[in-house]
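Chains as they are written, first to last, in my numbering: chain A, 183 to 490; chain Z, 6 to 292; chain W, 1314 to 1642.
Calculated from the structure, these hints are not laboratory results.
Note that the coordinates shown come from a computational prediction; the quantities given were computed from them, not determined experimentally.
Idealized CB from N, CA, C, for every residue including glycine.
Please note: incorrect hints may appear among the correct ones.
Stated by the list, open to error - Simulated DEER-style distance windows between Cβ atoms:
hint	chain 1	residue 1	chain 2	residue 2	range
1	Z	P236	A	L239	33 to 39 angstroms
2	W	S1389	A	L343	52 to 58 angstroms
3	W	S1356	A	Y404	29 to 35 angstroms
4	Z	L253	A	V230	41 to 47 angstroms
5	A	D387	W	D1621	36 to 42 angstroms
6	A	M229	Z	P236	33 to 39 angstroms
7	A	Y210	Z	V193	34 to 40 angstroms
Unchecked claim - Chain Z side only, calculated, beta carbon under 10 angstroms to chain A, not exhaustive:
hint	residue
8	A29
9	D135
10	L142
11	L244
12	L251
13	V258
14	I265
15	F270
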Amino acid sequence: MTAYIVRRLALMVPLLVGVSLVTFTLLYLVPGDPVQSLVGERATPQMVESIRRELGLDLPLHLRYGRWLARTVRGDLGRSWATHRPVMVSLIDRFPITLKLSVLAFALSTLLGVTVGVATAVREEAGGDHLARWALLGGQSVPIIYLCLVFMYVFGVWLRLTPVSGLGDGSIRYFLLPAGALGLYTSVYKARMTRSAMLEVLRQDYIRTARAKGLSERVVIYRHALKNAMVTVVTVLGAGLSALLVGSVLTETVFGLPGIGKLQIDGVYARDFPVVMGCFLFQAVVLSFTNLAMDMAYAWANPRIRFD
Amino acid sequence: MGYGMDGLWARARRRLGRNRGARAGLVIVGTLAVAALLAPVLAPQPPGRMDLDRVLLPPGPGHPLGTDYFGRDMLSRLIYGARVSLTVGVVAQSLSATVGVTLGLVAGYCGGWTDLVIMRLVELMLCFPDLLLAVGLTVALGPGPYTLFLALGLVGWPGMARLVRGEALALRDREFLEAARATGTGPVRVLWGHLFPNCLSPVIIAVTGGMAACIMAEASLSFLGLGAQPPTPSWGSMLNLGRPYLHLAPHLVIFPGLAIALAVFGFNLLGDGLRDALDPRRSDFPG
Amino acid sequence: MSRLLELDKLKTYFYTEEGVVLAVDGVSFHIERGETLGVVGESGCGKSVTALSILRLVPNPPGRIIGGDILFEGQSILRKTEAQMRDLRGNDIAMIFQEPMTSLNPVYTCGEQIAEAIELHQGLRKREALEKAVDMLKLVGIPGPERRVREYPHQLSGGMRQRVMIAMALSCNPKLLMADEPTTALDVTIQAQILELMKDLKQELGMAIMLITHDLGVIAEMAKRVVVMYAGKVVEEADVAGLFRKPLHPYTEGLLSSIPRLNRPQGRLHVITGQVPNPVNLPPGCRFHPRCPYTEDICLQREPELVDTGGGRLVSCWVRAGGSRAEVA
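Excised from the complex, chain A in its bound form (with noise of 0.2 angstroms):
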C-alpha cells in the first residue's frame, strides 16, 4: 500500500512538469507586450526596458522556464504583477473558499447523484420507460453558467431568500447558491454514471442468485447491486472531478466569490502571468490528489484489486 503511494507520487513529478511546460510555453506565446500593459502608456522606454529584464522577460524560453522552475520547487510562485502580493499568499488565501465550495458541491451531487441514479435504474428495470434516462441528458445539457444565472434569479432575485452574489462575510449562507448550482450541476453526471452502473449490474447472475435466496427487494438492490455498482462509478468519478474544478472556475466567477477560479480568471483578463501560471499548477496539484484518492476508494471498494 505504502509503495504503491509512493510510486504514484513520483509518477506525478514528471506530470507535473510536463503540465507546467505546456502551460508556461502558452504563455510565452501572449501577443502583444505584458510590460507595456502594466506600466501603462506614459512609461519611458527605458522604464519599460528595466522592468522586462527585472522580470527576466528579456531571456529566452528555456532560461525563462528553468528560472521558475528553479524558483517553484523551493515553493515561491512568483509576484503578481499587477499587486506585487507573492502569487503562493493568495493561492492560499483563497484556497479555503474554493475548498469550501467544491467539498459543498461534491456532497450534494454524490448524495443527489447516486440517489436519483439508483431511483431511475430501479424503475427502468422493472419495466419503467426511458424517460428518466432522457430526464438526465436534458439535465446534462445545461450549462453551469446558465445555472448559476438561473439560481440566482429564483432563489436571490425573486424568492430572495439568499444573498444573490459575492462573499459577504463569508458565511455558509453565502455558498448556498453557489454550492447548490454546483452540485446540481455535477450531480447529473454522476446519476447517468450510477444509473448506467445499477442496469448493467441488475443484469448480472448474481443478482439472480440474491433473489434466489429469498432476499427482499431492498437488500437486492442495496447490499448486492449498489456496492458493485459504485465499484464502476468510483472508477469514472475522476473526470467529474475534472468537471468540479471547471465548473466551480464558473461558478466563483458568476458569484463573485473570491476563489482560486475567480483569481485565475482575473489574472486572465489582467495578462497576470505568474498568477494564472501559479493557478494552473495548483488546480493540477489537487487533480492528481484527488484522483489518487479515488483510485483508493476504487481499490477499497473492489476486493478484486490489491495493491503489490
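Guided by the hints, dock chains Z and W onto chain A, whose structure is given.
Below, chains Z and W alone, put in the same frame as chain A:
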C-alpha cells in the same frame, strides 16, 4: 458476432428510426441547422440593429422574445447565434477529429515507440481540464474566431485519439488487414482504406457528443469574454450581457440559456441514439 | 399427502420488440418428494425459464407468466404474495445456476453470501450463521473451510465456486433443489465430481432435485424420471430406463442417437437435421415437423397433445401415439 458493413448500417438505420430520442435529437439539430443557414431570411431584424427607444423590452408584439440593453431584437440575435455555435462546433470538431483520428490510427497501428510517444502526449493533454486549456490558449493567442476554433479543436483531439487507438489496436491483427497487407497494400491505404472504416461508428458517436461539448464550451468561453467578441451575437456573450440586468429583464438570460441547453440536448440525444444504433454489441433480442 | 411440485399447463411468454416468444407454452409435469427429475432439451427450449417461473423470478419485463398454475405442496405459487414467495425462495426451493463464475457476488466473501440466506430464513445471528456456513463448506467438500469462508469468489476455481453455490442452496435444507445445467461450464473431471457430490448430498439430505441439462449422459447418471422439452413444450415424459431403451418421440430418438456409444458399433454419429425454430415464428402444427424424418400431413396442420401411452410414458406425436388421432378427430 460478425456483421458486414451493410448489415451494420441497415440495422443502424432501422434502430435509429425506432429510437424516439434520436428522432427528437435529429429534429432539434435539423432545426438549428436550418436557422443557422437561413438566418438572414428567418430573423425579423438584422442582429445588430439598435433602437435606443426600445431597450430591455419584455417579450411582446414586435419583439417576440423582447429586446436587450441596446434595443436589439433578441429573437434575431438568437437565430444568428445558432450560426456561431454550429460553425464553432463543426470547425472545431473537424479539427479535433482529423488530428485525433490520424494520431490514434497511427499509434494503434504502428505501436512501439510511436504509440508510446503519442499516448504520453495524449495523457498529458488529458490532465488539463478541457475548458481551462481552452482558456489558456485563448489568453496566449488573443480572443477571436480563429482562436476559438483552434482552442476547442485542440481540446478535443486527445480523447478522440485514445478512442481510435483502442479500436485500431483491437483490429490490428484481424484477417482483413492481414489480407490487405499480403496483397501489397501500402500502409497509408491500409490505415485509411481498411482500418478507418471499421472504426467509423465510435468516431461518429464521439463527434456527435463532441459537438455538444463544443457548443457548451463556446458558450462558457464567450460568457467569460474570451470567445466570440462583440458585436457577434453568440449565445454565451448574450448571457454575459444580460447578467447585470437579471433583476430587471430576466428574459435576456433565460432565452439564450435555453437556446444553449436545447442545442446541446439535441446533439446529446442524437449521440445517445447513435450509440444504441451503431453498437453491434447491443443485441436486439434480450435473450 | 400432495405432490411436492406440480406444473399445470404453465405458460410463460416474453414480449420482445421482435414479437412474442412462447418460451414455456403449456408445460405440465410433476416432481415427487425426494425424487430426481431430469429436464432435458436444447438451449432455448424453455427449461431454464420453467425453473425461473417456479421461483417467480422470470425477468419482467419482458417475461410474464400468463397462464396455467404451479402447485408447491398443493398450494398455488402464482397466488402467493411477494412476501410469501420470498419465504419460499432459498428456503423450501433453492436453485443453482449454470455459471458459477458469475453467479456469486464479487464484492462479498463466500461466507457472507452463504450466511445471508441462513440469517434470513433460520433467524440465526451473523456469527452463528457464519459458523454454519463453515459447516456447509465442509459438507460440500471444500478443503480448509475456515479459510475459504473468508475468501472472495475470485480467489476460487470454477468447481469450488459451484460447490459454494451448492452449499448456499442447501444451507436451509430445501425440499426442492433446482439445478440449471450445474456442470456445463466446468471441466469434465470437475463435472463428474460435482455430480457425485449432488448424488451424495441427496442421499444425506433427502431433497428432491430438478436437474436441468442438455446432456442425456448426466440424466442417465442422476435421474429416475425424465421430461424432454422442445420449443417450449413437453414432447415426452418417461422413466429413464424406458426412455433409453425405446425413445418414443422422434426428437428424443434423435437426441439419443447423437450420443457416441462405446459398446455399440456405429458408423457416423447421427445429427438432428435442421435448426431450432425461431421462437417468435414457430412452425404450424407439430413444432418439430420441419426436422422430423417421419412427418405426415397431419403433423403440418395440427399440434399433437401430450398423450399417456401407459406405464407412465407420455408422448406428444401424431406418428408415435397412434390412438390419439382418432380421439382428436
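Right, here's what the structure says about each hint:
1. Distance hint for Z:P236 and A:L239: a CB-CB separation of about 34 angstroms, consistent with the stated range 33 to 39 angstroms.
2. Between W:S1389 and A:L343 the C-beta distance comes to about 57 angstroms, which sits within the given range of 52 to 58 angstroms.
3. Between W:S1356 and A:Y404 the Cβ separation comes to about 33 angstroms, which falls inside the hinted range of 29 to 35 angstroms.
4. Separated by about 44 angstroms at the C-beta atoms, Z:L253 and A:V230 satisfy the suggested range of 41 to 47 angstroms.
5. The hinted window of 36 to 42 angstroms between A:D387 and W:D1621 holds, with their beta carbons roughly 38 angstroms apart.
6. Under the hint 33 to 39 angstroms, the C-beta atoms of A:M229 and Z:P236, about 37 angstroms apart, fit the expected range.
7. Judged by the Cβ atoms, the range 34 to 40 angstroms given for A:Y210 and Z:V193 holds: they are separated by roughly 35 angstroms.
8. Contact between Z:A29 and chain A, as hinted, is supported at the beta carbon level, the nearest pair being about 8 angstroms apart and thus within 10 angstroms.
9. The interface hint given for Z:D135 is met, as the beta carbon of that residue sits about 7 angstroms from the closest beta carbon of chain A, less than 10 angstroms.
10. For the restraint placing Z:L142 at the interface with chain A, the shortest Cβ-Cβ distance is roughly 6 angstroms, inside the 10 angstroms limit, so the hint holds.
11. Residue-level restraint check for Z:L244 holds (minimum Cβ-Cβ distance to chain A is 6 angstroms; threshold 10 angstroms).
12. The beta carbon of Z:L251 is positioned within 10 angstroms of a beta carbon in chain A (closest approach about 5 angstroms), and the interface hint is therefore held.
13. At its closest, the beta carbon of Z:V258 sits 5 angstroms from a beta carbon of chain A; the interface hint therefore holds under the 10 angstroms criterion.
14. Taking 10 angstroms as the C-beta cut-off, the interface hint given for Z:I265 holds, the closest approach to chain A being about 5 angstroms.
15. At a threshold of 10 angstroms, the smallest CB-CB gap from Z:F270 to chain A is about 4 angstroms, leaving the interface hint in force.
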